[in-house]
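Under my numbering, the first residue of the sequence shown carries the number 57, and numbering increases by one thereafter.
No wet-lab data here; the hints were simulated from the structure. Be a bit skeptical, because a hint or two may be false.
[Stated by the list, open to error] Below, computed lysine-lysine pairings styled on DSS-like, alpha-carbon distance capped at 27 angstroms:
{"no.": "1", "residue 1": "K569", "residue 2": "K581"}
{"no.": "2", "residue 1": "K300", "residue 2": "K171"}
{"no.": "3", "residue 1": "K149", "residue 2": "K428"}
{"no.": "4", "residue 1": "K496", "residue 2": "K476"}
{"no.": "5", "residue 1": "K581", "residue 2": "K428"}
{"no.": "6", "residue 1": "K265", "residue 2": "K200"}
{"no.": "7", "residue 1": "K447", "residue 2": "K428"}
{"no.": "8", "residue 1": "K428", "residue 2": "K469"}
{"no.": "9", "residue 1": "K167", "residue 2": "K77"}
{"no.": "10", "residue 1": "K360", "residue 2": "K308"}
{"no.": "11", "residue 1": "K504", "residue 2": "K469"}
{"no.": "12", "residue 1": "K247", "residue 2": "K200"}
{"no.": "13", "residue 1": "K149", "residue 2": "K301"}
{"no.": "14", "residue 1": "K77", "residue 2": "K171"}
{"no.": "15", "residue 1": "K77", "residue 2": "K200"}
{"no.": "16", "residue 1": "K441", "residue 2": "K320"}
{"no.": "17", "residue 1": "K149", "residue 2": "K171"}
{"no.": "18", "residue 1": "K505", "residue 2": "K428"}
{"no.": "19", "residue 1": "K268", "residue 2": "K300"}
{"no.": "20", "residue 1": "K451", "residue 2": "K149"}
{"no.": "21", "residue 1": "K545", "residue 2": "K504"}
{"no.": "22", "residue 1": "K82", "residue 2": "K146"}
{"no.": "23", "residue 1": "K71", "residue 2": "K82"}
{"no.": "24", "residue 1": "K77", "residue 2": "K247"}
{"no.": "25", "residue 1": "K469", "residue 2": "K505"}
{"no.": "26", "residue 1": "K506", "residue 2": "K451"}
{"no.": "27", "residue 1": "K447", "residue 2": "K149"}
{"no.": "28", "residue 1": "K358", "residue 2": "K300"}
{"no.": "29", "residue 1": "K447", "residue 2": "K146"}
{"no.": "30", "residue 1": "K451", "residue 2": "K146"}
{"no.": "31", "residue 1": "K581", "residue 2": "K451"}
{"no.": "32", "residue 1": "K200", "residue 2": "K300"}
{"no.": "33", "residue 1": "K581", "residue 2": "K506"}
{"no.": "34", "residue 1": "K82", "residue 2": "K200"}
{"no.": "35", "residue 1": "K569", "residue 2": "K469"}
{"no.": "36", "residue 1": "K320", "residue 2": "K301"}
{"no.": "37", "residue 1": "K146", "residue 2": "K300"}
[What the hints assert, rightly or not] Just the calculated beta-carbon pair ranges, DEER-fashion:
{"no.": "38", "residue 1": "A138", "residue 2": "E465", "range": "48 to 54 angstroms"}
{"no.": "39", "residue 1": "E193", "residue 2": "D381", "range": "37 to 43 angstroms"}
{"no.": "40", "residue 1": "E258", "residue 2": "D192", "range": "29 to 35 angstroms"}
We put the CB at the ideal spot given by N, CA and C, even for glycine.
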Amino acid sequence: MIERGYSPTCPHCIKAAPIWKQLHDKYTTQVVDSGTPPSPNSDPGSPSSSPTFTEKYDFHFANINCVSYGDICADTKVGIEAFPSFILFKDGKAIEQYPLEADRTVEDMSKFVDKYIVEISAKSNRNLALPKTIYDESKNPEGKSVALTADGFLKEVIGTGDGWFVKFYAPWCQHCQALAPQWAELGREMKNQLNIGEVNCENDKRLCKELKVRGYPTIIYFQHGERIEYNGLRGLGDLVSFAKKAVDSSIKEIEFTDFEEMEKGGMEVAFLFFYDSATTTEDFSAMERLPLSFIGHAPLLKTKSDLLARRFRITTWPRLIVVRDGHPSYFPGIAPGAIRDFGRVTGWARSVWLPILPELSAANSHEIMNGKTVVLGILSRDRPKDFAAAKKELKAAALEFMDQRQQQEKNEKQELRNKKQLRIEEAEDRNDQRALRTAKNMKINLEKKKEIGFAWVDGVFWERWVRTTYGVNVAEMGERIIINEEDIKQYWDTTLEGTAIVPSRSIILDTLKAVIAEHPRIRSKSTTNRFETAYYQIRAKISNHPLASWFLLASVVIALAVWGRGRMKRRGTGGFFRLESTKEEGVGGKVD
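Please take these sequences and the hints and turn them into a complete structure.
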């Protein structure tokens, strides 16, 4: 995808707009004679019955208004320092920018695009074996976003159970106005694949209130009575990617060889549902509800393969696991019916659906950084050997930490079981039935630990953000490791010895252990000023200990009330005015 970053008032942007339009039309209307079947969106026998350039190469054009979406233009850190900027994206990441000093002509910009197309063409043969898009003429038959009223929403979206991707907007909202062209193009892109709709919340306020739409635009995917809010970037490529994943979100049956092929194809994360002949209808129904929550994250697969069961040591059925880089993690609920607890399953899934070592980007930064301590590798692709070695050490540290924490939790759980068994035996020896019932009803609950994440960021691509936030210049300093605590805006960049944290699994783990101790043994640094730091620390303590915080607050209020009452009494009947000093004084002074 190529994206234009612009400002509506920029003279250079206005001048370049016709060139951009010609470039867009040149590629999107181009017919490609590749011997492939005709486009499902065209009439048989027409010139457009051959696949278009966009359909063959899955290459798209997008616009982002940096006045309306200034936060996104800044957060993506793609180096938009002047308008207009033209940037190539691949898999959601910026890979190259059209030189700012280059001539903006259709011919020159076509050469820039064609370099990328050559790479796509070279890979086209490998893509022939991939599943083809399934078209359904009953879905989005006109290739447009349907304006839905309250009645239409209930009939088409809720009543049918079909998949609908719906935008909720207000006509006066600038962000909604900026999104409108991309949303219209999304309707065309998803013709005969997915229903696209929009609701004007000024006209249907009651519907938007019932759906708890709190801001504009709000984008929600609906299917079978379930819903999931879209929180990704609003470029056309991002919207199309999500929509296509939504279309293909059903649970797929796989065998051992299928899973191996998916791993060889680069799959980093997948959820596996193991079942057998005794698995109940209720368990399958519970699984059918889950794919909607997983859209854009990881596929949910089901299997009864003995080979896969042996590989991942499955001994009880049904069982849900996640496989990340070949390493399994197990849903902790094994009791009958636990897998039907939708909230518990999705909560667990959210904690494990990221890869073991994801790359930080604008789209996933909040999910990676918020609510956890993150070991962040600041790396550079410009040094391929150092880059590969650093990623290897980071991933090794992540896997080792996972193993250590799993073993720690296993030991803690066993200790709690031993305590429970000891109480049961003690009650039996005393023949105390009440104590026996109490002991048997004891639940084995582990204390929730701080979540730890691992990630890496391209320190060259994000150079300005990394330098201003952490003081790291990867080009000059080399690869560095930062341990970040986003909730309190603090980070650690040195070891116990006071040296920089470098990509070494032993150094990373030793430093992390010192940082996450109850009383950190390394002094942190702040990404904000003192007052903001104090605020975030207080907020974090309140969040981590809500009952204690409320008790402390109530105690302070009561103490202030008691102190205030006592002070009022001492002042006497004169209220807030001190009258004692005027008892024996006249208006003009003391009385002789």
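Each hint, compared with the structure:
| no. | hint | result |
| --- | --- | --- |
| 1 | K569 - K581 | holds (17 angstroms) |
| 2 | K300 - K171 | holds (26 angstroms) |
| 3 | K149 - K428 | holds (24 angstroms) |
| 4 | K496 - K476 | holds (7 angstroms) |
| 5 | K581 - K428 | holds (17 angstroms) |
| 6 | K265 - K200 | holds (25 angstroms) |
| 7 | K447 - K428 | holds (20 angstroms) |
| 8 | K428 - K469 | holds (23 angstroms) |
| 9 | K167 - K77 | holds (16 angstroms) |
| 10 | K360 - K308 | holds (12 angstroms) |
| 11 | K504 - K469 | holds (12 angstroms) |
| 12 | K247 - K200 | holds (7 angstroms) |
| 13 | K149 - K301 | holds (18 angstroms) |
| 14 | K77 - K171 | holds (20 angstroms) |
| 15 | K77 - K200 | holds (21 angstroms) |
| 16 | K441 - K320 | holds (22 angstroms) |
| 17 | K149 - K171 | holds (17 angstroms) |
| 18 | K505 - K428 | holds (10 angstroms) |
| 19 | K268 - K300 | holds (25 angstroms) |
| 20 | K451 - K149 | holds (21 angstroms) |
| 21 | K545 - K504 | holds (22 angstroms) |
| 22 | K82 - K146 | holds (21 angstroms) |
| 23 | K71 - K82 | holds (18 angstroms) |
| 24 | K77 - K247 | holds (22 angstroms) |
| 25 | K469 - K505 | holds (14 angstroms) |
| 26 | K506 - K451 | holds (19 angstroms) |
| 27 | K447 - K149 | holds (18 angstroms) |
| 28 | K358 - K300 | holds (21 angstroms) |
| 29 | K447 - K146 | holds (20 angstroms) |
| 30 | K451 - K146 | holds (23 angstroms) |
| 31 | K581 - K451 | holds (25 angstroms) |
| 32 | K200 - K300 | holds (16 angstroms) |
| 33 | K581 - K506 | holds (19 angstroms) |
| 34 | K82 - K200 | holds (22 angstroms) |
| 35 | K569 - K469 | holds (21 angstroms) |
| 36 | K320 - K301 | holds (20 angstroms) |
| 37 | K146 - K300 | holds (16 angstroms) |
| 38 | A138 - E465: 48 to 54 angstroms | holds (52 angstroms) |
| 39 | E193 - D381: 37 to 43 angstroms | holds (41 angstroms) |
| 40 | E258 - D192: 29 to 35 angstroms | holds (32 angstroms) |
When each numbered hint is compared with the structure, no violation occurs for any of them.
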